[in-house]
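Take the sequences, apply the hints, and build the full model.
First to last, the sequence lines map onto chains B and L. Anchor point for the first sequence: position 214 equals 214 in the numbering used here, and the numbering is continuous, going up by one each time. Anchor point for the second sequence: position 173 equals 173 in the numbering used here, and the numbering is continuous, going up by one each time.
It is possible that part of the hints are untrue.
All copies of an identical chain are treated as equivalent in the list; a pair is satisfied when it fits inside any one copy or across any two copies.
Claimed, not checked - Only pairs whose alpha carbons sit at most 30 Å apart, straight line, appear in this in silico DSS-like list of lysine-lysine: (1) K3 - K209; (2) K209 - K4; (3) K149 - K3; (4) K149 - K209; (5) K3 - K23; (6) K149 - K60.
Simulated from the structure, these hints should not be mistaken for lab results.
Protein chains: 2
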Amino acid sequence: MGKKAVILASGGLDSTTVLAMAKAEGYACYSLSFDYGQRHRAELVAAERCARGMGVVEHKQVVLDLRSIGGSALTDSSIAVPEDAPDGIPVTYVPARNTIFLSIALGWAEVLDAEAIFIGVNAVDYSGYPDCRPEFIDAFARLARLATKAGVEGRPIEIKTPLLHLSKAEIIQRGSALGVDYAQSVSCYQADADGRACGRCDSCRLRRKGFLDAQVADPTRYQSL
Amino acid sequence: MGKKAVILASGGLDSTTVLAMAKAEGYACYSLSFDYGQRHRAELVAAERCARGMGVVEHKQVVLDLRSIGGSALTDSSIAVPEDAPDGIPVTYVPARNTIFLSIALGWAEVLDAEAIFIGVNAVDYSGYPDCRPEFIDAFARLARLATKAGVEGRPIEIKTPLLHLSKAEIIQRGSALGVDYAQSVSCYQADADGRACGRCDSCRLRRKGFLDAQVADPTRYQSL
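Written as structure tokens, this is what we have:
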């Protein structure tokens with residue numbers, strides 16, 4: 001039995017790179033994505049496509065309707081997705097999203113007897129969300145040791161964040177070296193049904209700049225370019 | 001605008017008491033329950049009945065299918081509910097359940113601009129679940145300060161656990177003094193469709209002993225008594 005890891009997979013550039021890194025570290029990978037009522041449904045298709053393409057043992061999609069809670073441009077169609085770089089925490093912030101996703105990953109990791117959870121959070125080229133910061137991850141890792149049967153029995157589940165201190169350009173360079181096909185991934189907050197990106201939202205801006213800075217050809221399919 | 005609180009409401013004895021306590025403290029109460037694929041569906045009916053009966057501002061039921069993760073007698077019909085007092089952490093433990101529930105409550109609390117989340121965990125007469133211990137709650141409170149926009153902006157959401165150090169008998173005495181109608185609540189892990197309790201599972205045992213110790217008449221409706 002090899003070591004197992006749960007990978008939070010959004011179908012975007014970061015989580016696809018993380019999956020490649022986990023695989024390269026020798027983990028049997030179990031990818032997890034969430035149908036949380038996000039307006040960018042193309043990410044669910046991309047998450048499964050990327051996961052299967054990279055040979056995961058299992059891909060699971062959990063339904064959790066965060067629309068019923070509301071409060072974000074990503075889950076509430078009455079709030080527009082901004083196309084300028086925002087000040088402070090933007091309206092695309094989904095309240096407590098990473099806490100919720102990591103919690104469910106923790107439950108699955110415990111059932112699988114997995115050693116680690118990988119999450120593609122990044123504290124360099126990121127959107128200013130509080131739950132992407134290193135101190136948040138440390139606090140979750142501490143919680144995970146106390147919250148689970150595995151932790152109580154001395155087998156804490158590690159929270160791995162290999163992108164935390166990398167720039168978007170460095171992430172793209174690492175992923176390219178591992179053979180990631182970024183054309184399969186979708187980062188856009190308002191991609192069309194075919195997964196083509198708007199090229200204008202905050203997430204598209206960060207991604208496009210990353211390819212430029214990395215001096216890697218951008219394989220992203222844009223809607224109007 | 002009065003102060004608001006989100007109350008995790010399972011329809012059981014503990015969370016119904018907590019709701020009465022939060023109300024007595026002057027909070028406008030928002031109750032939250034989860035349709036997580038639990039075999040004891042009667043608790044969802046009980047949760048809403050208790051919440052409405054106690055005048056909550058809003059009752060929300062969030063769908064989250066934890067059956068897809070498995071690993072517990074409460075969500076996996078192939079694992080039997082034990083009827084003896086178990087050694088160690090029992091099979092009714094749902095991996096990371098309180099972490100998951102608190103995370104979603106945190107998201108809703110943030111959207112509501114609530115000051116507190118109430119959860120009826122108890123470290124005295126409990127089933128040995130790791131995520132009912134005081135150190136777990138402390139770790140979650142710390143996480144909540146770091147995870148949210150509210151916390152970053154200096155308005156951390158408090159995690160309130162008024163039952164933590166009370167015995168089941170004390171909980172029943174406090175609730176009775178606040179006028180809680182325990183006949184409306186359902187604690188049984190395998191209640192029938194009408195909400196009548198088996199009288200034999202771990203949860204029933206703890207509840208029945210609580211009424212005996214509290215010297216309060218037990219209004220629980222049992223299946224065969």
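Structure-based check of all given hints:
Taking the shortest Cα distances, K3 and K209 never come within 30 Å of each other, neither inside one copy (35 Å) nor across copies (44 Å). Taking the shortest alpha-carbon separations for K209 and K4, neither the intra-copy value of 34 Å nor the inter-copy value of 42 Å comes in at or below 30 Å. For a Cα distance limit of 30 Å, the shortest separation of K149 from K3 inside one copy, 18 Å, qualifies, whereas the shortest one across copies, 35 Å, does not. In this assembly of identical chains, K149 and K209 lie within 30 Å of each other by CA distance solely across copies; the values are 26 Å between and 43 Å within a copy.
For the homomeric pair K3 and K23, the shortest alpha-carbon distance inside one copy (11 Å) is at most 30 Å, but the shortest distance between copies (48 Å) is not. Proximity of K149 and K60 under a CA criterion of 30 Å is satisfied in both settings, with 22 Å inside one chain copy and 29 Å between copies.
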